[in-house]
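There are 2 protein chains.
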Amino acid sequence: MKKYVIGIDVGGTNIKLGLIDSLGTILSRRNLITCSCSQTKNKLIDSLVATIKLLMEDNGLNIQDVLGVGVGLPGLINFEKGIVTSLTNISGWRNVPLMSLLQKKLKVPVFIDNDVNLIALGEWKFGAGRGYDNLLCMTLGTGVGSGIILNGDLYRGEGFAAGELGHMPLNEKGPSCNCHGFGCFECYVGSSVLTAKAAKIFKNKNIKLEDVYDLAIGGNVRAVQFWEETAAHVGNGLVGVVNLLNPRLIVIGGGVAKSYKLMQKVIEDIVKKRAMRTQSSMVKIVRAKLGDDAGLIGAQVLISSSLEKIKK
Amino acid sequence: MKKYVIGIDVGGTNIKLGLIDSLGTILSRRNLITCSCSQTKNKLIDSLVATIKLLMEDNGLNIQDVLGVGVGLPGLINFEKGIVTSLTNISGWRNVPLMSLLQKKLKVPVFIDNDVNLIALGEWKFGAGRGYDNLLCMTLGTGVGSGIILNGDLYRGEGFAAGELGHMPLNEKGPSCNCHGFGCFECYVGSSVLTAKAAKIFKNKNIKLEDVYDLAIGGNVRAVQFWEETAAHVGNGLVGVVNLLNPRLIVIGGGVAKSYKLMQKVIEDIVKKRAMRTQSSMVKIVRAKLGDDAGLIGAQVLISSSLEKIKK
Chain A
222 MKKYVIGIDV GGTNIKLGLI DSLGTILSRR NLITCSCSQT KNKLIDSLVA
272 TIKLLMEDNG LNIQDVLGVG VGLPGLINFE KGIVTSLTNI SGWRNVPLMS
322 LLQKKLKVPV FIDNDVNLIA LGEWKFGAGR GYDNLLCMTL GTGVGSGIIL
372 NGDLYRGEGF AAGELGHMPL NEKGPSCNCH GFGCFECYVG SSVLTAKAAK
422 IFKNKNIKLE DVYDLAIGGN VRAVQFWEET AAHVGNGLVG VVNLLNPRLI
472 VIGGGVAKSY KLMQKVIEDI VKKRAMRTQS SMVKIVRAKL GDDAGLIGAQ
522 VLISSSLEKI KK
Chain B
222 MKKYVIGIDV GGTNIKLGLI DSLGTILSRR NLITCSCSQT KNKLIDSLVA
272 TIKLLMEDNG LNIQDVLGVG VGLPGLINFE KGIVTSLTNI SGWRNVPLMS
322 LLQKKLKVPV FIDNDVNLIA LGEWKFGAGR GYDNLLCMTL GTGVGSGIIL
372 NGDLYRGEGF AAGELGHMPL NEKGPSCNCH GFGCFECYVG SSVLTAKAAK
422 IFKNKNIKLE DVYDLAIGGN VRAVQFWEET AAHVGNGLVG VVNLLNPRLI
472 VIGGGVAKSY KLMQKVIEDI VKKRAMRTQS SMVKIVRAKL GDDAGLIGAQ
522 VLISSSLEKI KK
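Protein sequence lines correspond, in order, to chains A and B. So the first sequence is numbered by this note's numbering: it starts at 222 and just counts up by one. So the second sequence is numbered by this note's numbering: it starts at 222 and just counts up by one.
Treat the hints loosely; a few may be bogus.
Identical chains share a label here; the pair holds if one copy fits it or two copies do between them.
[Stated by the list, open to error] The list that follows gives simulated cross-link-like pairs (lysine-lysine, DSBU-like), each with its CA atoms no further than 35 Å apart:
1. Lys-494 x Lys-262
2. Lys-493 x Lys-262
3. Lys-346 x Lys-530
4. Lys-494 x Lys-394
5. Lys-274 x Lys-223
6. Lys-494 x Lys-532
7. Lys-223 x Lys-394
8. Lys-479 x Lys-532
9. Lys-482 x Lys-264
10. Lys-237 x Lys-486
11. Lys-418 x Lys-493
12. Lys-532 x Lys-510
13. Lys-510 x Lys-302
14. Lys-325 x Lys-418
15. Lys-326 x Lys-429
16. Lys-494 x Lys-530
17. Lys-264 x Lys-237
18. Lys-274 x Lys-426
19. Lys-262 x Lys-224
20. Lys-429 x Lys-274
21. Lys-421 x Lys-326
22. Lys-429 x Lys-224
23. Lys-530 x Lys-426
24. Lys-346 x Lys-533
25. Lys-494 x Lys-302
26. Lys-223 x Lys-532
27. Lys-486 x Lys-223
28. Lys-302 x Lys-426
29. Lys-418 x Lys-510
Since the hints were derived computationally from the structure, they do not count as laboratory data.
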């Protein structure tokens, strides 16, 4: 019986490929550089196909040995039609029927989805979200996004654009956001905003969030305060979604979440204090478990759940 | 074939009962006063049973002629177990197994749910939400709530507490809310808050929102401004949920929505301006169609969909 899946995680600068088994273990990996290929879709697709074949050879397998190929991309993806509507920070991709293009070349089932959705699927089935039916998996990085699992299924939204937790406003008035809104959650906790804030506080243009983490661990009061303020925004940003969706679990991942242990108490306290009793009493907030591999591992879940639904 | 359903809509002061056909038409009605019965659950249940029998007699029918009885209650309802966990503003109801109590006496299927969920089900199948799969039905009254239909199904949340749109904060700091949070949507647009605000503006303790509506229709500038300010809060409150859930439709009902036509343009403009492009381009915002009957009519949907699921 076929049990492997190929996962592809397309990022702004590189593309990760992995051979994954049915338990969500990444058995083998390959990488590709995204940048130069961004303007030439066909070249990128050809490179993907060639790299998949190499990955198969690495493992003494043939493409026909896999259940399917799951691709996560940073942008708006029409999961049902398998079309890349648009990509964030990668130009030249508009309404590309990536699913059928890859399927024709590979002759195995291909499914494509938004990268944060794949992260949520991965954490749900093989990471911090195992066993839960109603959860939100939040990515706290340059962008702030989320994948939403409700009633035991990924919720994608009417136009596959659901999950934009980072663009729930925290205030009626607030800073401008690159989504053309203002006062968005992301304007307060996105990593570039935080890095700029840290540069001001510590009067150091080159400071990184990792440095602020190290400073806080070392007892620097302003650094501790920096993470507490960030945590307060995160907590405030979660109250609305906790009250609205009454989830059992919130999983927090992404780059900024590396400082989760410095933020955990404040986040939990604010949600407990500010969210409604029923909702706050049952929601658990935890750090993501799969790190940078969540998207690749999520491809396994995407393929198996999609094939299951087709069977029905 | 059985085609009737009995709907029961429990409010703080009175209880509406209706005989409803499969097209969502209320064929016959009865009413009960809630107040005196609130402390004596058994008496209330007996009255309900007696009134149902009268309603049957009114129509020359027998209880066995109905598919089931659907009850909407203002509070936290465990739909799956059929238990009233607690009621808002009606004391003495804690963990009451209302479904089984009624079922024993009536010998037909009974389902119970939160009243706003029933309103959402009614509007979805027979009102403003017909044909949509992803929609939010918002009630704008003393309380601000919502019923959420996602992927063609009512989403109730892990603890049956989902939909608390009125308690999504609009600001990180803001007025205290009776949910023990602060800055909640409801603190800005709940009808008691609005009435108090109107009393101040118009220096009239007894002014009602209907009066402010009439004043605005008559061209009173402060009254027009009053509704525009309210609409701005409503619009701001919807941006987050539009970005997060990417619904196709938002239905606005409840008492305050009687002024919907005075608020519509500002609400739509703010959502268009502030929400993300994909989400705002596809969301329609409309006024509810079924008025005060939505909850009763929703009982038909509750019964038919619940019986359908049991069959599967």
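For each hint, the structure was consulted:
Proximity of Lys-494 and Lys-262 under a CA criterion of 35 Å is satisfied inter-copy only: 33 Å between copies versus 50 Å inside one chain copy. Only between protomers do Lys-493 and Lys-262 lie at most 35 Å apart by alpha-carbon distance; the minimum there is 32 Å, versus 48 Å within a single protomer. Taking identical chains as interchangeable, the C-alpha atoms of Lys-346 and Lys-530 lie at most 35 Å apart whether they share a chain (16 Å) or sit on different chains (26 Å). Proximity of Lys-494 to Lys-394 under the C-alpha cut-off of 35 Å is found in both arrangements, the shortest distances being 23 Å within a copy and 13 Å between copies.
With identical chains, the CA atoms of Lys-274 and Lys-223 are at most 35 Å apart within one copy only, with a shortest distance of 17 Å there and 60 Å across copies. Taking CA atoms no more than 35 Å apart as the test, Lys-494 paired with Lys-532 passes in neither setting, with 46 Å inside one copy and 42 Å between copies. Taking CA atoms no more than 35 Å apart as the test, Lys-223 paired with Lys-394 passes in neither setting, with 54 Å inside one copy and 55 Å between copies. In this homomeric assembly, Lys-479 and Lys-532 never come within 35 Å of each other (Cα to Cα): the closest approach is 40 Å inside a single copy and 48 Å across copies.
For a Cα distance limit of 35 Å, the shortest separation of Lys-482 from Lys-264 qualifies neither inside one copy, at 43 Å, nor across copies, at 54 Å. Taking CA atoms no more than 35 Å apart as the test, Lys-237 paired with Lys-486 passes inside one copy only; the shortest distance there is 34 Å, against 47 Å between copies. Taking identical chains as interchangeable, the C-alpha atoms of Lys-418 and Lys-493 lie at most 35 Å apart whether they share a chain (27 Å) or sit on different chains (30 Å). For a Cα distance limit of 35 Å, the shortest separation of Lys-532 from Lys-510 inside one copy, 31 Å, qualifies, whereas the shortest one across copies, 39 Å, does not.
With identical chains, the CA atoms of Lys-510 and Lys-302 are at most 35 Å apart both within one copy (31 Å) and between copies (34 Å). In this homomeric assembly, Lys-325 and Lys-418 never come within 35 Å of each other (Cα to Cα): the closest approach is 48 Å inside a single copy and 64 Å across copies. With identical chains, the CA atoms of Lys-326 and Lys-429 are never at most 35 Å apart, being 43 Å at best within one copy and 68 Å at best between copies. Neither within a single protomer nor between protomers do Lys-494 and Lys-530 lie at most 35 Å apart by alpha-carbon distance, with minima of 41 Å and 38 Å respectively.
Proximity of Lys-264 to Lys-237 under the C-alpha cut-off of 35 Å is restricted to the intra-copy arrangement: shortest distance 16 Å within a copy versus 66 Å between copies. Within a single copy, Lys-274 and Lys-426 get their C-alpha atoms no closer than 44 Å, and across copies no closer than 77 Å, so neither meets the 35 Å cut-off. Proximity of Lys-262 and Lys-224 under a CA criterion of 35 Å is satisfied intra-copy only: 30 Å inside one chain copy versus 57 Å between copies. In this assembly of identical chains, Lys-429 and Lys-274 lie within 35 Å of each other by CA distance neither inside one copy nor across copies; the values are 38 Å within and 72 Å between.
For a Cα distance limit of 35 Å, the shortest separation of Lys-421 from Lys-326 qualifies neither inside one copy, at 51 Å, nor across copies, at 70 Å. Proximity of Lys-429 to Lys-224 under the C-alpha cut-off of 35 Å is found in neither arrangement, the shortest distances being 41 Å within a copy and 66 Å between copies. In this assembly of identical chains, Lys-530 and Lys-426 lie within 35 Å of each other by CA distance neither inside one copy nor across copies; the values are 51 Å within and 60 Å between. Proximity of Lys-346 to Lys-533 under the C-alpha cut-off of 35 Å is found in both arrangements, the shortest distances being 20 Å within a copy and 26 Å between copies.
In this homomeric assembly, Lys-494 and Lys-302 come within 35 Å of each other (Cα to Cα) only across copies, at 29 Å, whereas the closest approach inside a single copy is 43 Å. Taking CA atoms no more than 35 Å apart as the test, Lys-223 paired with Lys-532 passes in both settings, with 16 Å inside one copy and 34 Å between copies. Taking the closest pair of Cα atoms, Lys-486 and Lys-223 never come within 35 Å of each other, the shortest separation being 44 Å inside a single copy and 56 Å across copies. In this homomeric assembly, Lys-302 and Lys-426 never come within 35 Å of each other (Cα to Cα): the closest approach is 45 Å inside a single copy and 58 Å across copies.
Within a single copy, Lys-418 and Lys-510 get their C-alpha atoms as close as 28 Å, which meets the 35 Å cut-off; across copies the closest is 49 Å, which misses it.
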